[in-house]
Amino acid sequence: MASASGRQLRAMLRKDIVMELRTKEMIMSMGLYSLLTMVVYFVALSQAGSNFDPRDIAAGLLWLAFIFTSMLGLNRSLVHEKDQGCLEALLLSPVDRPVIFFAKAGGNLIFLLAVEALTLPVFGFLFLQGTHLDWGSIALLPLILIVGSIGMAGVGTLLATMSVNTSGKDFVLAMLFIPLMYPLLLGAVTATGGAIVGGAQGVSVFWTGMGWVVGYDVIMLLASYGLYEFIVGA
Amino acid sequence: MTEEHQHTLALEVRDLTRAFGVRKALDGVSLELPVGAFLSIFGPNGAGKTTLVKVLTTLLNPSSGSARVLGRDVVSDAVDLRTHIGLISHNPLLYPDLTAEENLLFFAEMYGVEQPHVRVSELLEAVELDHRKLDLTRTFSRGMLQRLSIARALLHRPEVIFLDEPYSGLDPHAMDILDGLIAQIRDSHTFVMISHDLDKGLELCSHALILAKGRVVLYEPREAIDDAAFRQTYRSTVGMGVS
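Respectively, the protein sequence lines represent chains A and B.
Under the working numbering, the residue at position 18 of the first sequence is numbered 18, and the numbers go up by one with no gaps.
Under the working numbering, the residue at position 157 of the second sequence is numbered 157, and the numbers go up by one with no gaps.
Chain B extracted, bound-state conformation (with noise of 0.2 Å):
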């Protein structure tokens, strides 16, 4: 990999597959994304799309070929990626025993954040909770534990932070709040984000994925994209189901 690629990159996939048993759940993906650009991931249940992610985040190995993150191998260079990485995802990866703040300070400690309690106040008054941050999150609504989530996910400052349906189950106010701080940080962050919402993640996105069984069907920057052909092209993955 070149200096430029390193500085370019944000992801870098090279004939990615990830199998479970004789079922592959990836098979042979391939793509390249640039620094800053949002990356919408469309496909039906069972297509690959969060298994992309796993592997993305370095929650699950790669069978074979190979996948880097800001020039980071996702194997071998695991831990050292996962401080430059952040997901948030449908499920709220949260202590529900643990007040918000307890939550937030855990994983300020996990990440080695300097000055935690600074960074954790801030990012509580970011997300609108910090009037509950002594409450226990297992008495959070929904939306609220989703809001907490996002302060989980940007407590160490990453620069690629991965999105799996993020807007499922949110209420409108709190889809706001999701909507206010993507796009505080829109411009100086990466986005990869898992959407079963055509609108939102076509209207959020620079580049567009769409996967069926494993497989790239549709790779395109958003100024490529044709929108009634997309639509087409993603309608007739739905049903494909899982290879």
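Looking at chain A on its own, in the form it has when it is part of the complex (with noise of 0.2 Å):
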């Protein structure tokens, strides 16, 4: 049964891949989307004063440029599965309801692994530019921007799946994943802001922000593993 779950896993995960490198409707539309971001905050900060500082306020930009990004992606994600009754024919064939949750949720998270890949050399470019940066906790970037990821990924797939019958959607999701988001939020932006001031209180820091956000991630993602299967069939 374990591998007959792989096997499905796989399968769908490779699907999402291919449909995605076939179309491009989600990495583009979430590419540009954070771009954008990055634009109107750069032209938004513009004014600010000399003793202005950006990595005061980087972590929040960061983290809020890819929480609204990943909505855009993840209503994508689950309305290619309800076209033509794709769902349906999924929910037909005898795959465990969990296996169709971690699929959807890994797939929604290599596309926005990817966004934040493409984003974040953007952001150092025109932020901090100049800005002392300690490269050893800045190398401590990639595992919060995945571990986060991770319970975006994970509690939007699930949100996703619960909006994606209703009819505004898009409001359904943001009014549930945006509160929903909150305590990750402040644990990611903690440990990003840590990773980014630097110095040995920076990474203290970064640590403490992280055990927050894998706390996050255990508890979201097993309460999603847990409803998946109600939410599916209700």
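Simulated from the structure, these hints should not be mistaken for lab results.
Note that this is a predicted model, so its numbers are computed, not measured.
Just so you know, not all the hints are guaranteed correct.
[Claimed, not checked] Here are the computed lysine to any residue pairs in the SDA-like style, where the Cα-Cα straight-line distance is at most 25 Å: (1) K82(A) x F125(A); (2) K24(B) x V232(A); (3) K169(A) x Y225(A); (4) K82(A) x A19(B); (5) K24(B) x T8(B); (6) K82(A) x R142(B); (7) K82(A) x T139(B); (8) K133(B) x I17(A); (9) K82(A) x G169(B); (10) K82(A) x V79(B); (11) K169(A) x A19(B); (12) K24(A) x L134(B); (13) K82(A) x E101(B).
With the hints as a guide, dock the two chains, each given alone in a separate frame, to form the complex.
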């Protein structure tokens, strides 16, 4: 059974990646939105005084962009499944519902990380040029991006499944997703801020935030895993 | 359930109810269908036909009562049951951004079909789509999509095939192909078909069911049906709508 689930998980992931590489719908919309957000930030902060240190707010700006960008992709990922009743076909196959959850969340995670990898250098170029950076702690950034994105993709996939059948799915997803992201956002911004500021204190702050996000991921992924069958069958 | 029942009954539905909020889409439906039968389900819009098929195909859980397909409970044996049933809907249930071959190979993997490439080629040939196997299904006509949908539903060699208005929107050629495919496998499979076409439904069926307001109005084997009386009963339910 475990090997069957593994085979089904790989098949679903491969299918999502093939379809995305073909249509580029999620990557294009999320990537473009994320880059435009960076430009808007840059313009909005261009009049800040000389005492303004972008490192103070960099983490918040970054995660704000990621949260809103992820919502754009999450809805699309489930809309693909609703097209022509594909979700029904998937549910008709002998697959455990949590396998569908992990496959969809896995696909969303991959696309989210791809967009983050695209956004991060642009953000660094626009906001952190010329500022003192501790490259040792900056190297920790991918870690919090990955762990934070796991939580976003997991909870987002569950909520997108809930909202995909509703008439105002974008609104419903936002109303549910943003409040549930609050604890993750706190931890992720703390950890990212610590990594950007650097030094011994920054690294210590990083691990505190990181612990918070890991705890959030474990609790929310377990809850999503447990609830998915009920939500899909409702 | 006795061993004999497991081999002779394709469907065993007992006092099945499915409610959406306060509205009962199915209200105490009971029926038995032998293996190898062809059941045509008729009824007005909102009668509960699709809900019944969704419960029998494990897509919806019953609110109360029970349903067994090939002796397997639709709730507790759902994962096992799904390997024995197939659904051909008026919706193609195919990914528009995958090719015909990719769609079938994906579902073959989901069902754990042995030698998937061989089986997929065999089915693409059967539905006369082998020449279009590398084309995205979003470029397919309605008839082609429905033929591919039939191939998808037959991939894992299901024993019971559910058809939800399968002729809806098909051109005469596609209807002929669907008729031919059903005729080919008619003797070795059990069919449950929702239809609004009384002539087609009665022509194919061995058993006929009329639902209205989620309840069974009439359920009889074909040989016991008087066509004129059946049509009269059917007409009397049209317009009854939902409960």
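**Study point:** 25 Å Cα cutoff - pair K24(B), V232(A)
**Key:** Answer holds: K24(B) to V232(A) is near 20 Å, not above 25 Å.
**Study point:** Pairwise hint evaluation, T139(B) against K82(A), where the allowed Cα distance is 25 Å at most
**Key:** holds (18 Å)
Check your understanding: Is K82(A) close enough to F125(A), meaning Cα to Cα at most 25 Å?
Key -> This hinted pair is violated, its Cα atoms lying about 39 Å apart.
Practice item. Would you check the hint for K133(B) and I17(A), treating anything up to 25 Å between C-alpha atoms as holding? Key: holds (20 Å)
Check your understanding: Has the given pair, K82(A) with A19(B), been kept, meaning a C-alpha gap of at most 25 Å?
Key -> Roughly 23 Å between the alpha carbons, so the hint for K82(A) and A19(B) holds.
Check your understanding: Holds or violated: K169(A) with A19(B), Cα cutoff 25 Å?
Key -> holds (24 Å)
Point to revise | Pair hint K24(A) and L134(B), alpha-carbon separation not exceeding 25 Å | key: Within the cut-off at roughly 20 Å; holds.
Review point. Is the hinted pair K169(A) and Y225(A) satisfied, with a Cα-Cα distance of at most 25 Å?
Key: Cα-Cα ~21 Å, so holds.
**Study point:** K82(A) paired with E101(B) [C-alpha distance capped at 25 Å]
**Key:** holds (20 Å)
Practice item. For the pair we were handed, K82(A) and G169(B), check the Cα-Cα distance against 25 Å. Key: Judged against 25 Å, a Cα distance of about 20 Å means the pair holds.
Check your understanding: Holds or violated: K24(B) with T8(B), Cα cutoff 25 Å?
Key -> Violated, at roughly 30 Å.
Practice item. Compare the distance between the alpha carbons of K82(A) and R142(B) with 25 Å, and conclude whether the hinted pair is satisfied. Key: Roughly 18 Å separates the two Cα atoms, so the pair holds.
The structure shown violates the earlier hints numbered 1, 5.
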